[in-house]
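One letter stands for each residue in the lines below.
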Amino acid sequence: MDYMYSGLILVVDLESGETEEVDLEEEFIRENLGGAAANLALYEEYKDRDPMILGSGFFTGTLISGSALGIATAKSPVTGKVAHSPLAWFFGPELKLSGYDFVVICGKSEKPVYLWLHDEMADIKEAGELWGKDTWETTDFLRNELGDDRVQVLTIGKAGENQVKNAQLINNYWGSGDKFGFGAIFGKKNVKALALRGMGELELDDPEAFLEKDMELLGKVKESVSGKKVEWLAEKAGISLEGLDPFIHRNTACFNCPLPCRPYVKYNEVSTVMSSTRVAEPGVLVSDLYGMAAFNKKLDMEVSLRAIEKCCRVGIDQVVAGSLIKNTELDDVLREIDSMVPGESDTSDIKPWDKDFDYGAFGSFCPPLTDDWKEKVAISYILGICPILLSAVPELSKEVLVEMINVTTGWDTTVENLDSVVSKLIG
Amino acid sequence: MQMEKKNIEPMKCTGCGACELACSFYRDEVFSTIRSSVMMHKEEKKNYFGIMVKVVDDLLLGRPEGIEFDSEGSKSKEQEGASGKPILMREECDMCKGKVLCAKLCPMESIIE
Ligand code: SF4
Ligand code: SF4
Ligand code: SF4
Numbered sequence: 213m214d215y216m217y218s219g220l221i222l223v224v225d226l227e228s229g230e231t232e233e234v235d236l237e238e239e240f241i242r243e244n245l246g247g248a249a250a251n252l253a254l255y256e257e258y259k260d261r262d263p264m265i266l267g268s269g270f271f272t273g274t275l276i277s278g279s280a281l282g283i284a285t286a287k288s289p290v291t292g293k294v295a296h297s298p299l300a301w302f303f304g305p306e307l308k309l310s311g312y313d314f315v316v317i318c319g320k321s322e323k324p325v326y327l328w329l330h331d332e333m334a335d336i337k338e339a340g341e342l343w344g345k346d347t348w349e350t351t352d353f354l355r356n357e358l359g360d361d362r363v364q365v366l367t368i369g370k371a372g373e374n375q376v377k378n379a380q381l382i383n384n385y386w387g388s389g390d391k392f393g394f395g396a397i398f399g400k401k402n403v404k405a406l407a408l409r410g411m412g413e414l415e416l417d418d419p420e421a422f423l424e425k426d427m428e429l430l431g432k433v434k435e436s437v438s439g440k441k442v443e444w445l446a447e448k449a450g451i452s453l454e455g456l457d458p459f460i461h462r463n464t465a466c467f468n469c470p471l472p473c474r475p476y477v478k479y480n481e482v483s484t485v486m487s488s489t490r491v492a493e494p495g496v497l498v499s500d501l502y503g504m505a506a507f508n509k510k511l512d513m514e515v516s517l518r519a520i521e522k523c524c525r526v527g528i529d530q531v532v533a534g535s536l537i538k539n540t541e542l543d544d545v546l547r548e549i550d551s552m553v554p555g556e557s558d559t560s561d562i563k564p565w566d567k568d569f570d571y572g573a574f575g576s577f578c579p580p581l582t583d584d585w586k587e588k589v590a591i592s593y594i595l596g597i598c599p600i601l602l603s604a605v606p607e608l609s610k611e612v613l614v615e616m617i618n619v620t621t622g623w624d625t626t627v628e629n630l631d632s633v634v635s636k637l638i639g
Numbered sequence: 004m005q006m007e008k009k010n011i012e013p014m015k016c017t018g019c020g021a022c023e024l025a026c027s028f029y030r031d032e033v034f035s036t037i038r039s040s041v042m043m044h045k046e047e048k049k050n051y052f053g054i055m056v057k058v059v060d061d062l063l064l065g066r067p068e069g070i071e072f073d074s075e076g077s078k079s080k081e082q083e084g085a086s087g088k089p090i091l092m093r094e095e096c097d098m099c100k101g102k103v104l105c106a107k108l109c110p111m112e113s114i115i116e
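Residue numbers (our numbering), protein chains in the order written: chain A, 213 to 639; chain B, 4 to 116.
Looking at chain B on its own, in the form it has when it is part of the complex:
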């Protein structure tokens, strides 16, 4: 089980980052933003933001323009290794074994169970 397109409604997102906390909490029972399978992408000066979810061999992008898988982006970045985008070194989403914590803790219901 992993996050699917139907689980994300990008235009409801406010860029608050609770999903990152939620997933990190699922992984390690701590408050942190860097352990998560879901990660915010932000271009702050433009107020452009969305989320990326690490799924098996792929990234699921939920952006204002829409929701898509980005396997190519994922692979090419993966080759950059440790210097690549940190999301590629993260664990893959497994729907928290049914808990789907990021959806439960997203205050805007931008991620849905």
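Okay, chain A solo, but in the shape it has when bound:
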């Protein structure tokens, strides 16, 4: 595949410790476009080797607004079925630019390892000394070891190591869109982390035409999202943000996203401090509103936010932990979260998403925002554009997205083709 992708699929065999590079064929992308649909095809291909697929969407890592998504696909320990989890922030773009558009992780390693992908090179490295560390320590360690603060990390804490059902993949330090217990799969495979650095580049067919269209589109996108932040999303989700404001430091956004819906909150330092002080760990990123709400129903806001940090560190789904929590005092709450991550703990009755909506294979990255939510999510997971943005911006229509596919590749694909790829995911 010459355009929009780096051109390689990496197949990691954890049994033998070998990696193999497979060319990403244009035919494969024409058929599946990318993201969840391509992941699913790869899942089928490697099915008998217990695979987990990490993939990038068609637009991931590009100048199209909101092109922040990577997608993880595997058989979920929570549902027992093949499922897709969105990984926002900077994971998807970093993956694609590392040289590997898709990574297929097969089998199980005998000893703890981590994977390090950069500059079209893939290493399987020993992770003995990382096993047992929390996710914050792990990300700090890897960024230090690999000598670059911009390394993106997908890692697990105690919950994943112990294969707790609702163990979550943690993205650097923060909760991810993994609602399917994929953290437990890392644990089972003896993979502590995947570290990425993307210094590559993606070519496109007609840069000039693309730029013109992209600037026009961005103008419309900016109009549609103007002023929209976490408050907008919370209202859509029916979640109260009461008490959050005093903790908000700055709103932040994922890669190339004009809708900064992720507030960072400070509780170990006055939230309005803008400089970099000696307080090394002033707070946490609120990346899962449902998670925050699950705690905040029972706990005051500060304890809720500190509980979110704890969930990130041990790598358990925030909604699940928040639903189970019984204590209200901070120390007890933190201890109680610790008690949820030994292997024998049973979280199986708790659904880590809004119970009123059948998300099927998608989990809940955010509340259903439109009437055609399933289709929106499918398009989003295939093309790599955040579903929140896709929902907030009517101009990011199927027609426009197909036009952008054609400008960047020189193809003449159609909305019908996109629909048929979407139907592979939602029938």
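Keep in mind that the hints were calculated from the coordinates and are not lab data.
In this text, a Cβ means the ideal position worked out from N, Cα and C, and glycines have one as well.
Some hints here could point you the wrong way.
Partial pick of chain A residues on the chain B-facing surface, computed with a CB cut under 7 angstroms [to be verified]:
no.	residue
1	N244
2	L275
3	E415
4	P419
5	A421
Following the hints, complete the assembly by docking chain B with the ligands onto the known chain A.
Below, chain B with the ligands without anything else, positioned relative to chain A:
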């Protein structure tokens, strides 16, 4: 022509990185983050972030505390050569010969034409 203090409003920045993509696109007509004259600086755990722009003999820093030129930082780091901060090996901002793509593509108008 190069980026000036008046072109940056650091507190509008969300750390999205579109400016890096924009400048790399100007340089090579590809999607990449490493070809740009502008670079994000992030201390992720603290949510501290801003941008640095490579200008002639200097770095222009747009940080939450304010905007300043950092010629000293630039020179001392330059002596580190290849192992120094990658921004010092980048091309200097030339306002894309009038296009100012990073400003056009910054979704938050944190860089302004
Ligand atoms: S809408 Fe929110 S979650 Fe989605 S890419 Fe933007 S900042 Fe990230
Ligand atoms: S103005 Fe142009 S050359 Fe200067 S940093 Fe921005 S994109 Fe790069
Ligand atoms: S594009 Fe704008 S908002 Fe995004 S990192 Fe650059 S300056 Fe900040």
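These are the hints, each one checked on the structure:
1. Residue-level restraint check for N244(A) is violated (minimum Cβ-Cβ distance to chain B is 20 angstroms; threshold 7 angstroms).
2. The beta carbon of L275(A) comes within 5 angstroms of a beta carbon in chain B, closer than 7 angstroms, and the hint placing it at the interface holds.
3. The interface hint given for E415(A) holds, since its Cβ lies 5 angstroms from the closest Cβ of chain B, which is under the 7 angstroms cut-off.
4. Annotation: interface hint on P419(A) holds; nearest CB of chain B at approximately 4 angstroms, less than 7 angstroms.
5. Using the Cβ-Cβ criterion of 7 angstroms, the hint placing A421(A) at the interface with chain B is not satisfied: the shortest such distance is roughly 11 angstroms.
The structure shown violates the earlier hints numbered 1 and 5.
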